[in-house]
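All chains should be built: construct the whole structure from the sequences, respecting the hints.
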Amino acid sequence: MWSSEVTNMIITGIWETLYMTLVSTLVGYVIGLPMGIILTVSDKDGIKPNAVLYKILDVIANIVRSVPFIILLVLLIPFTRLVVGKSYGSTATIVPLVIAAAPYIARMVESSLKEVDAGVIEAARSMGASNFTIITKVMLVEARTSLLVGATITLGTILGYSAMSGAVGGGGLGAIAIRYGYTRWQTDIMIVTVILLIILFQIFQTVGMKLADKFDHRK
Amino acid sequence: MDALKDINLTIGAGDIYGIIGMSGAGKSTLVRCLNFLERPTDGQVLIEGKDLGTLNEKELRKQRSDIAMIFQHFNLLMQKNVIDNICFPLQIQGVKKKEARAKARELLKTVGLEEKEKAYPTQLSGGQKQRVAIARALASNPKILLCDEATSALDPQTTASILELLKSINEQFQITIVIITHQMSVIREICNRVAIIEHGELVENGLVEDIFSHPKSKAARELILRDVPENSGKAEGAVAAQMERIQGDKKLRIVFTENSAFEPVIANMILQFGKPVNILRADTKNVGGVAKGEMILGLPDDRHLQIDMEQYLTEHGLEIEEVTGDVE
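Line order of the protein sequences matches chains E and C.
As numbered in our numbering, the first sequence has no gaps in its residue numbers, which increase by one up to the final residue, 201.
As numbered in our numbering, the second sequence has no gaps in its residue numbers, which increase by one up to the final residue, 421.
Mixed in with the good hints, there may be bad ones.
[Stated by the list, open to error] Quick list of in silico lysine-lysine cross-link-like pairs, BS3-like style, CA-CA up to 25 Å:
#1 E/LYS119 to C/LYS151
#2 C/LYS191 to E/LYS119
#3 E/LYS96 to C/LYS173
#4 C/LYS196 to C/LYS236
#5 C/LYS209 to E/LYS201
#6 C/LYS190 to E/LYS119
#7 E/LYS30 to C/LYS151
#8 E/LYS119 to C/LYS211
#9 C/LYS173 to E/LYS119
#10 C/LYS211 to E/LYS201
#11 E/LYS201 to C/LYS173
#12 C/LYS189 to E/LYS119
#13 C/LYS190 to C/LYS155
#14 E/LYS196 to C/LYS211
#15 E/LYS26 to C/LYS151
#16 E/LYS30 to C/LYS155
#17 C/LYS209 to E/LYS196
#18 C/LYS209 to E/LYS119
#19 E/LYS37 to E/LYS26
If you are wondering where the hints come from, they were derived from the structure by calculation, not from laboratory data.
Note that the structure is a prediction, hence the values are computed from the model and not measured.
And the structure:
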């Protein structure tokens, strides 16, 4: 039963999982990074407080984050179909993954940026730095390590979500695990996919932390 | 509740102006009003006649490059090395990288850290970090340098070397320096003028020499009395008991000016009255580069004798004033 077809299927599964995870995280950052920056900046002790703007983003982030991902997947099916044209497969899964990842990333970014020493920001202001300069040259640079750690954690979470999407027609290793392990009782295939997911997670985690460490000049 | 109230100060170009007060007096807020990091709700801040309140955001940012600032905790960018930290204000102003680097290297020489160019702030001592911060502050050729408790996190030796550096910068670049501190010693060492702030109000200001010799306000007297050498440990046991007794006595603070230091006035007074006095503290302090003697005497219990002694001292040209409370 361990034919070359199964091997090929698993290799495809690895690629699909990587594709979903990396693309979703990347697109998630395109939305989540600015959102996190705006949350930090517009907060009451931020560099440009704006209570209304903060509250709007805060509520959006909370709503999306409070819906369990598996339910979000189902809820978003019409929207996914609108964007991608179909609601199953790896590409379709990217849509709900991005929607789930963006507010998660925004919170990660927000907490990283809030760690930046207020004194350093004040020093930059005293030099005549604009808010844009403070964000790009001070906050993002000083929080670099923390941001990379956040990205690593995010990648791990999205990897988990991508596997979960297998339950409702997503692709990748998660779909294989559910199809063979749950539907067909082929435990061996399920175990292989789980081991592969563990290995992928380890790789993400190790590389991410190494990078974060390499760019940290505080020690 | 106002953080600051009725503060009228004029700081002359080239001054090293000290602003002193206990913690919570409002001095940090005051210094932040000088570059509008804190926007005062009322009143004006004029820099070379220009009212900061009338400037728009962009003009204000431009003005700030003329007013550099250093901080108690240095506030260096921890993820950038020394040279990039110094280049940072120039980067903000859009100076070309090569030019900025050349300028930064020159400044590293000024602050004596040429060999630390590539080091990161974590690898530096507190004194070195403050030197980098000073170099960074000088990068934009400011006219004014604000120092917010710049030596409070440093040990006495490092403090002295940083103060020396500030003084030489004041002379070399003709930069007006405003120093915020709670330590009278800092004021004495390098300031020519001082303002004393208490509960958000200006209680006294003038030449450091004058205020050191005749402090008028209670706040000034307290700050001067607190100004004791760092290494004077607290007394224990029998000594403490004895000090307690002494502290009940009537005490006088005497400041010797240059000429009176030659005449043995105290010895003569003891000989004349035939009664001993207690010398509770005697010290020579550097006030703006001039050595000033300071002494605290405990007088005998006899009220008449006290009056006579005070009179004797005044007649011999000494500045005296009564000290209340503990001598630390």
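Hints and how they fare:
no.: 1; hint: E/LYS119 to C/LYS151; verdict: holds (18 Å)
no.: 2; hint: C/LYS191 to E/LYS119; verdict: holds (18 Å)
no.: 3; hint: E/LYS96 to C/LYS173; verdict: holds (19 Å)
no.: 4; hint: C/LYS196 to C/LYS236; verdict: holds (17 Å)
no.: 5; hint: C/LYS209 to E/LYS201; verdict: holds (16 Å)
no.: 6; hint: C/LYS190 to E/LYS119; verdict: holds (15 Å)
no.: 7; hint: E/LYS30 to C/LYS151; verdict: holds (15 Å)
no.: 8; hint: E/LYS119 to C/LYS211; verdict: holds (19 Å)
no.: 9; hint: C/LYS173 to E/LYS119; verdict: holds (10 Å)
no.: 10; hint: C/LYS211 to E/LYS201; verdict: holds (14 Å)
no.: 11; hint: E/LYS201 to C/LYS173; verdict: holds (12 Å)
no.: 12; hint: C/LYS189 to E/LYS119; verdict: holds (16 Å)
no.: 13; hint: C/LYS190 to C/LYS155; verdict: holds (19 Å)
no.: 14; hint: E/LYS196 to C/LYS211; verdict: holds (16 Å)
no.: 15; hint: E/LYS26 to C/LYS151; verdict: holds (23 Å)
no.: 16; hint: E/LYS30 to C/LYS155; verdict: holds (19 Å)
no.: 17; hint: C/LYS209 to E/LYS196; verdict: holds (21 Å)
no.: 18; hint: C/LYS209 to E/LYS119; verdict: holds (22 Å)
no.: 19; hint: E/LYS37 to E/LYS26; verdict: holds (11 Å)
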